[in-house]
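Colleague: The chain contents come next:
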Amino acid sequence: MSSPTKPSTQTLEQAADWLILKDNGRLSHKQEQALGQWRSQKAEHEQAWQAACRLQSLIGRVPESLGHQVLDRERLDRRTLLKVLTAAVVMPATAWSLTTQPDWQRWTADARTATGEQRSISLPDGSELTLNTDSAVDINYSNLARHIVLHRGEIMISTAQDTLQPIRPFLVTTEHGEIRALGNQFIVRTQLPGFAEATAHTGVTALHQSVAVRPSSELRETLVEANQQAAFTHQKVYPPKSAPYSASAWVKGQLIADNQRLSEFLAEVARYRSGIIRVDPAVADLRISGVFQLKNTDQILSSLAGTLPVRISRMTGYWVTVTPA
Amino acid sequence: MSTPATCVRRVYADHHSWLRGWLQSKTGCSNSAADLAQDTFVRVLVRKRENERLDMQEPRAYLRVIAHGLMVDHFRRKSLEQAFLETLAQQPEPVAFSPLERETLLETLNEVDALLDRLPARARRSFLLSQLDGMTYDEIATQLGVSTRTIKREMKLAFTLLLKALV
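The listed protein sequences derive, respectively, from chains A and B.
The first sequence begins at 1 in the UniProt record's numbering and counts up one residue at a time.
The second sequence begins at 1 in the UniProt record's numbering and counts up one residue at a time.
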C-alpha cells in the first residue's frame, strides 16, 4: 500500500533517470553503488524505486509482438472521448440516419421483417446483418461501439474488421444480456430449440469463432466456442451444446431437418407463416429428415403427406392440422 | 452525524436511478449503465471510508465525475479486448490459450494499457519500442525520424508519469 506521503515529482524524475541509464546498457559497478546509495538516502527514493521494479516486472509479463500491437493501437484521447460521451444521446430513429461530425460518427436505425420475410442489411463498417422472419432490431453505431439490439426474432451477424480506430466492440444485446463478437459470424435468436422451452431465453450460435455471453445480472462473460450454441436468461448461461449444421440454413432460404421430431419441425415451419399449425400428439414424435425451401411453406406441408403417415387438413389458409393418416 | 455508509445510502436512494439514466444516455446500453452505476457507488463508498470529509454538497456533480472516469475505463477495456482478438486473428500461426491463460494475459494487458493511457502518443510509442521490442534509443530515434535526445526526453516523461501512477 502506498504511504500517506507520495514521493515528490523530483524523486520520480530521478528514478526515471536511473531507468534510462539502465536502458543504456548494464550499469557499471560504480553506477550500481551509486544507485544503492540513492535508494538508501531517503524513504521516498526507495518507494519510487519499488514502483520502478513493479513497472519492469509488469512489462516483463507482456508478450512482445502481440502486446505491442494491442497496446499501440490508436486511442481516442480523453478529451475527445468526453465530447463523444457528452454527445452520444440515443435517439429513437424511425428511418436510416447518418450523422457525421468532425470527430465522431453516429448512425442509428431500426429494421424489422414481417412473417416469412428475410432481409440483409449492410452496416456502416461493412459488417452484414441478416434478419430472419418476424424480427426486429435497433442499430446503434457510435465511436464507442457497434451495437445491435435484438427485440425479437433471429439475426445473423457477419462482422467486418472495423473501419474506425480504436476498434470498437461489436455487441448484440437482448432483454437477457449481452453478446460480444470475438469472431466474425454468429446467430442470435429469441428461444432456441433444444434449450429450456418453458423459460424465456436468448439463444446464440457461434459459427466460425467464439462469442462471449454475459447475462445482464452477471459481471462475468461466458465463452461460447465455435460451432457451439448456448442459451441464456438474464441470470445464467445454460451449458453449450454443439451447434447443428442446420442452424444457419435459413440464411440460404433453407430449413434442414436431421432426424427431427415432427412437432419441433413444424414449430420451425410455423415461424415462417401466419396462422397456426396444430400437431396431433399421435404423430408428434415421428421423425423427419430433409432439406426444405422456406419460400414455400405450403409446399413443405404438402410434401409431408408423401413421406410420413400423416394427413394435412387446412380449415382455412391460417389453420392447419396434422393428424395420423 | 451520520456515518459514511448511511450518508452514501441516502445519496444512493436519491440519485441512483438518475445516475443510471444519465449513464444509459451516454453509453446507449442499459446493461453497461446498470453496471457502471453500481461501480460508481462502490467507488463512492470506498472514498468515503478513506476520507470522512468528502464533499457531498453537490452529489450529482460528484457522481458524474466518478461515473465518467469509470465509463472511460470501461470503453478502453472493451477496445483493448477487441484489439487483442483482432491481433490474435492476424497471427500467421494459430495461437491457442487456455481460458485461464487468456484471462491472465488480458488482465496484464489491461493493467499496462490503463497505465499507458496516461502517456502522450509519442512517449507511449517510444516506451513500447524500447521496453517491449528492446530497441535502443538510437534505433528508435532513427525509426521515428527524431533525435536521440528527443527520445530520451520522451522516455523520461513516460517513466515519470508511469511511476507517478504506481507509487
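What the hints contain is simulated information worked out from the structure, not anything from laboratory work.
Any given hint might turn out to be false.
[As the list claims (entries may be wrong)] Quick list of in silico lysine-lysine cross-link-like pairs, DSSO-like style, CA-CA up to 27 Å:
(1) B/Lys48 to A/Lys42
(2) B/Lys152 to A/Lys6
(3) B/Lys48 to A/Lys30
(4) B/Lys48 to A/Lys6
(5) A/Lys6 to B/Lys156
(6) A/Lys6 to A/Lys22
(7) B/Lys152 to A/Lys42
[Unchecked claim] Simulated restraints, written as ranges between beta carbons of each label pair:
(8) A/Gly60 to B/Ala13: 44 to 50 Å
(9) B/Leu144 to A/Ser8: 45 to 51 Å
(10) B/His16 to A/Asp258: 47 to 53 Å
(11) B/Gly134 to A/Gln33: 51 to 57 Å
Built from N, CA and C at the ideal position, the CB exists for glycine as well.
Colleague: Between the alpha carbons of A/Lys6 and A/Lys22, is the straight-line distance 27 Å or under?
Modeller: 24 Å, holds
Colleague: Hey, B/Lys48 versus A/Lys42, does the alpha-carbon distance stay inside 27 Å?
Modeller: 32 Å, violated
Colleague: Hinted pair, alpha-carbon criterion (27 Å max): B/Lys48, A/Lys30. Please report holds or violated.
Modeller: The given pair, whose Cα atoms are some 48 Å apart, is violated under the 27 Å limit.
Colleague: Is it true that B/Gly134 and A/Gln33 lie within 51 to 57 Å of each other by Cβ?
Modeller: Hint violated: Cβ distance 26 Å, outside 51 to 57 Å.
Colleague: Taken at face value, is the distance from the CA of A/Lys6 to the CA of B/Lys48 at most 27 Å?
Modeller: 20 Å, holds
Colleague: Quick check on a hinted range of 44 to 50 Å for A/Gly60 and B/Ala13, using CB atoms only.
Modeller: Given about 47 Å between the Cβ atoms, the range holds.
Colleague: Do the beta carbons of B/Leu144 and A/Ser8 sit within 45 to 51 Å of each other?
Modeller: Cβ of B/Leu144 to Cβ of A/Ser8: about 31 Å, so the range 45 to 51 Å is violated.
Colleague: Decide if the proposed pair is consistent with the structure: A/Lys6 and B/Lys156, CA atoms, cutoff 27 Å inclusive.
Modeller: 19 Å, holds
Colleague: When you check the alpha-carbon spacing of B/Lys152 and A/Lys6, does it fall within 27 Å?
Modeller: 25 Å, holds
Colleague: Go ahead and decide if the range 47 to 53 Å is satisfied by the Cβ distance of B/His16 to A/Asp258.
Modeller: 50 Å, holds
Colleague: What's the verdict on B/Lys152 and A/Lys42, does the C-alpha distance respect the 27 Å limit or exceed it?
Modeller: 26 Å, holds
Of the numbered hints stated above, those contradicted by the structure are hints 1, 3, 9, 11, listed in ascending order.
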